[in-house]
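Protein chains: 2
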Amino acid sequence: MVSLSGAHEIAGALRDVPGPDVVSRDAAADRQARLTKPAGALGRLEELAIWLAGWQGRERPGLDRVHCLVFAGNHGVAARGVSAYPTDVTAQMVANFRAGGAAINQLCRLAGAELSVIPVELDRPTRDIVVEDAMTEAECAMALQAGVDAVPEEADLLLLGEMGIGNTTTAAALSLATFGGAASAWVGAGTGVSDAGIAHKADVINAAVERTGRSLGSAFHLLRRLGGRELAALAGAVVAARHRSIPIVLDGFVSTAAAATLVADNPAALDHALLSHLSAEAGHRRLAECLRMKPVLDLDMRLGEASGAAVCLLVLRAAVSTHVGMSTFSEAGVSTRDE
Amino acid sequence: MVSLSGAHEIAGALRDVPGPDVVSRDAAADRQARLTKPAGALGRLEELAIWLAGWQGRERPGLDRVHCLVFAGNHGVAARGVSAYPTDVTAQMVANFRAGGAAINQLCRLAGAELSVIPVELDRPTRDIVVEDAMTEAECAMALQAGVDAVPEEADLLLLGEMGIGNTTTAAALSLATFGGAASAWVGAGTGVSDAGIAHKADVINAAVERTGRSLGSAFHLLRRLGGRELAALAGAVVAARHRSIPIVLDGFVSTAAAATLVADNPAALDHALLSHLSAEAGHRRLAECLRMKPVLDLDMRLGEASGAAVCLLVLRAAVSTHVGMSTFSEAGVSTRDE
Numbered sequence: 001m002v003s004l005s006g007a008h009e010i011a012g013a014l015r016d017v018p019g020p021d022v023v024s025r026d027a028a029a030d031r032q033a034r035l036t037k038p039a040g041a042l043g044r045l046e047e048l049a050i051w052l053a054g055w056q057g058r059e060r061p062g063l064d065r066v067h068c069l070v071f072a073g074n075h076g077v078a079a080r081g082v083s084a085y086p087t088d089v090t091a092q093m094v095a096n097f098r099a100g101g102a103a104i105n106q107l108c109r110l111a112g113a114e115l116s117v118i119p120v121e122l123d124r125p126t127r128d129i130v131v132e133d134a135m136t137e138a139e140c141a142m143a144l145q146a147g148v149d150a151v152p153e154e155a156d157l158l159l160l161g162e163m164g165i166g167n168t169t170t171a172a173a174l175s176l177a178t179f180g181g182a183a184s185a186w187v188g189a190g191t192g193v194s195d196a197g198i199a200h201k202a203d204v205i206n207a208a209v210e211r212t213g214r215s216l217g218s219a220f221h222l223l224r225r226l227g228g229r230e231l232a233a234l235a236g237a238v239v240a241a242r243h244r245s246i247p248i249v250l251d252g253f254v255s256t257a258a259a260a261t262l263v264a265d266n267p268a269a270l271d272h273a274l275l276s277h278l279s280a281e282a283g284h285r286r287l288a289e290c291l292r293m294k295p296v297l298d299l300d301m302r303l304g305e306a307s308g309a310a311v312c313l314l315v316l317r318a319a320v321s322t323h324v325g326m327s328t329f330s331e332a333g334v335s336t337r338d339e
Numbered sequence: 001m002v003s004l005s006g007a008h009e010i011a012g013a014l015r016d017v018p019g020p021d022v023v024s025r026d027a028a029a030d031r032q033a034r035l036t037k038p039a040g041a042l043g044r045l046e047e048l049a050i051w052l053a054g055w056q057g058r059e060r061p062g063l064d065r066v067h068c069l070v071f072a073g074n075h076g077v078a079a080r081g082v083s084a085y086p087t088d089v090t091a092q093m094v095a096n097f098r099a100g101g102a103a104i105n106q107l108c109r110l111a112g113a114e115l116s117v118i119p120v121e122l123d124r125p126t127r128d129i130v131v132e133d134a135m136t137e138a139e140c141a142m143a144l145q146a147g148v149d150a151v152p153e154e155a156d157l158l159l160l161g162e163m164g165i166g167n168t169t170t171a172a173a174l175s176l177a178t179f180g181g182a183a184s185a186w187v188g189a190g191t192g193v194s195d196a197g198i199a200h201k202a203d204v205i206n207a208a209v210e211r212t213g214r215s216l217g218s219a220f221h222l223l224r225r226l227g228g229r230e231l232a233a234l235a236g237a238v239v240a241a242r243h244r245s246i247p248i249v250l251d252g253f254v255s256t257a258a259a260a261t262l263v264a265d266n267p268a269a270l271d272h273a274l275l276s277h278l279s280a281e282a283g284h285r286r287l288a289e290c291l292r293m294k295p296v297l298d299l300d301m302r303l304g305e306a307s308g309a310a311v312c313l314l315v316l317r318a319a320v321s322t323h324v325g326m327s328t329f330s331e332a333g334v335s336t337r338d339e
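Taken in sequence, the protein lines are chains P and R. This note's numbering numbers the first residue of the first sequence as 1 and each following residue consecutively. This note's numbering numbers the first residue of the second sequence as 1 and each following residue consecutively.
Here chain P stands alone, though its shape is the one from the complex (with noise of 0.2 Å):
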């Protein structure tokens, strides 16, 4: 049972995380390289179904049990008019999810995961990061253990993502102190602010973050300070899902931000994390090269919700169906290679 209270536990937490199977993790890439293809062809694919097999622990991985998790919050930085919408949309967003009308809804359906909605109190929002701390120690370890609980105790596969209107500007405070650089580089569009607003959300999170300095320290003080709730749940999820042994998909750029603030606690927080894929929103492709971490789709999509980790697990889904049902040389009669 993973318990977060504190930044002394999420370090804990994040001390002694397993690693990947690799026993499994070879096996899996023995067999790929008896498949009826040149070795390598399938690219990114062979690399995806070898990944899962090691953090699933089996030379063949499974699908079967995908859920899908949308953390939903709200901001109090919004009021600075940092997005194109009313906060508002995020309550209603949320009852869009529910009502089965929302983008996610529609894509976990066609990916086949089970999508779980948690709004974590919607009717508090943060406080102004500005100004004050977004949360207290409390509030915050409510939060990461909002995310904890969420977590299905065995899950082949969870997909991460966020609903909260101003989260773009919580995600780029937070991607500031973590990461440093310009305030500049790491804020965007987000909802389809204009470029005036572009340059006002860069003067808020500098603002925040020359508040509380860069050296942060910990995951615990990132999200308590600068984050949200549904980007610590997120955050907790995350940890929650390592334990045990759950590989995970994050969406775009604010569940990566969220995610990423982790890597403080420990470098090695994310291996059992894939980006699903390259956002459009301005901050995520630096927020992948500064995790090292390579988006598995490039399509500009930039609307959060976990959107691009459900069309991701289709991607994943070509590659576990390649990995277990193709046949081998071997099997098949089909010569190999002149040598």
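Keep in mind the hints are simulated off the structure, nothing from the lab. One should not assume that every hint holds.
[Said to hold, decoys possible] Taking CB as the label site, the calculated pair distances span:
1) R/His8 with P/Arg65: 58 to 68 Å
2) R/Glu132 with P/Gly333: 26 to 36 Å
3) R/Val23 with P/Ala95: 25 to 35 Å
4) P/Gly192 with R/Gly333: 14 to 24 Å
5) P/Asp203 with R/Arg337: 17 to 27 Å
6) P/Ala196 with R/Val324: 28 to 38 Å
7) P/Ala99 with R/His8: 32 to 42 Å
8) P/Ala196 with R/Glu153: 32 to 42 Å
9) P/Asp30 with R/Pro152: 48 to 58 Å
Glycine included, each C-beta is placed from N, C-alpha and C at the ideal position.
Position chain R against the provided structure of chain P, taking the given hints into account.
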């Protein structure tokens, strides 16, 4: 009924080709703007849904009847040692396709496409293009017609791919003659030849194109003098699909090179086509640039047999499922932008 018995017939068949239904396309674009997401936030998925709507002639496109056609052929030039595999493998892989053991079988099952494998006279390899034309006019016309005949009268989408030991060399020769440049820019490792093998392939295609000259003027002459039977068949299928207003998805380097010959007759010949993925085979990026087409995926794949096209079908299903299934802002009671 499309008949492609010579250069004149292809040019004629490509002269008056139907374009997309702009009314349906515009209606689809209008619908995208009303769905519960920021405008453009689904990126390429939105573009793909709108593109399909135009070619299928309905605001809400469907993907119920998707056919995958894999054309196979053998190449005299393979005797020059341009492949890592013996030519027997073409027929062996056709048997593997029929037995269900290849990558494309798993991917078609996963993505919901009906697979047809069309061997085009495997026991009659084309002639060695270094010393003589690959086919006679009658042979090329027969191969083209095999492609035309393989296209169903009605379909929502076609996936087009190929199999043929030696055919990355043939495709490189076609690309060199169609678009010019240095031979070395068009050749890659194919099924896995060494650096010396790649240099040898460049010499081979240089010799072939020195023999024919680069100004072959029409798809028919390109395919007949430098092509292969499966490549001519694939080009024939592209033309037939256009006349039936069926959108198509091209696989990788070889499929694109075959289809690209058609732009010699009409620069708009591939408006109904999508490049499924950027192949890891060296010449494909250049080919995509020459055609001004942006591949949907970049997964480092280089297998052929329509495998990239089948993975792309999964993305098209994501595009259609969101386009058709999502609620509009007014249906869901979600507030629109602050303006």
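Do the hints match the structure? See the list:
1. R/His8 with P/Arg65: 58 to 68 Å: 59 Å, holds
2. R/Glu132 with P/Gly333: 26 to 36 Å: 33 Å, holds
3. R/Val23 with P/Ala95: 25 to 35 Å: 34 Å, holds
4. P/Gly192 with R/Gly333: 14 to 24 Å: 20 Å, holds
5. P/Asp203 with R/Arg337: 17 to 27 Å: 21 Å Cβ-Cβ, so the 17 to 27 Å window holds.
6. P/Ala196 with R/Val324: 28 to 38 Å: 36 Å, holds
7. P/Ala99 with R/His8: 32 to 42 Å: Given about 58 Å between the Cβ atoms, the range is violated.
8. P/Ala196 with R/Glu153: 32 to 42 Å: Once the Cβ atoms are compared, 55 Å apart, the range 32 to 42 Å for glutamate 153 of chain R and alanine 196 of chain P is violated.
9. P/Asp30 with R/Pro152: 48 to 58 Å: 40 Å, violated
Of the numbered hints stated above, those contradicted by the structure are hints 7, 8 and 9, listed in ascending order.
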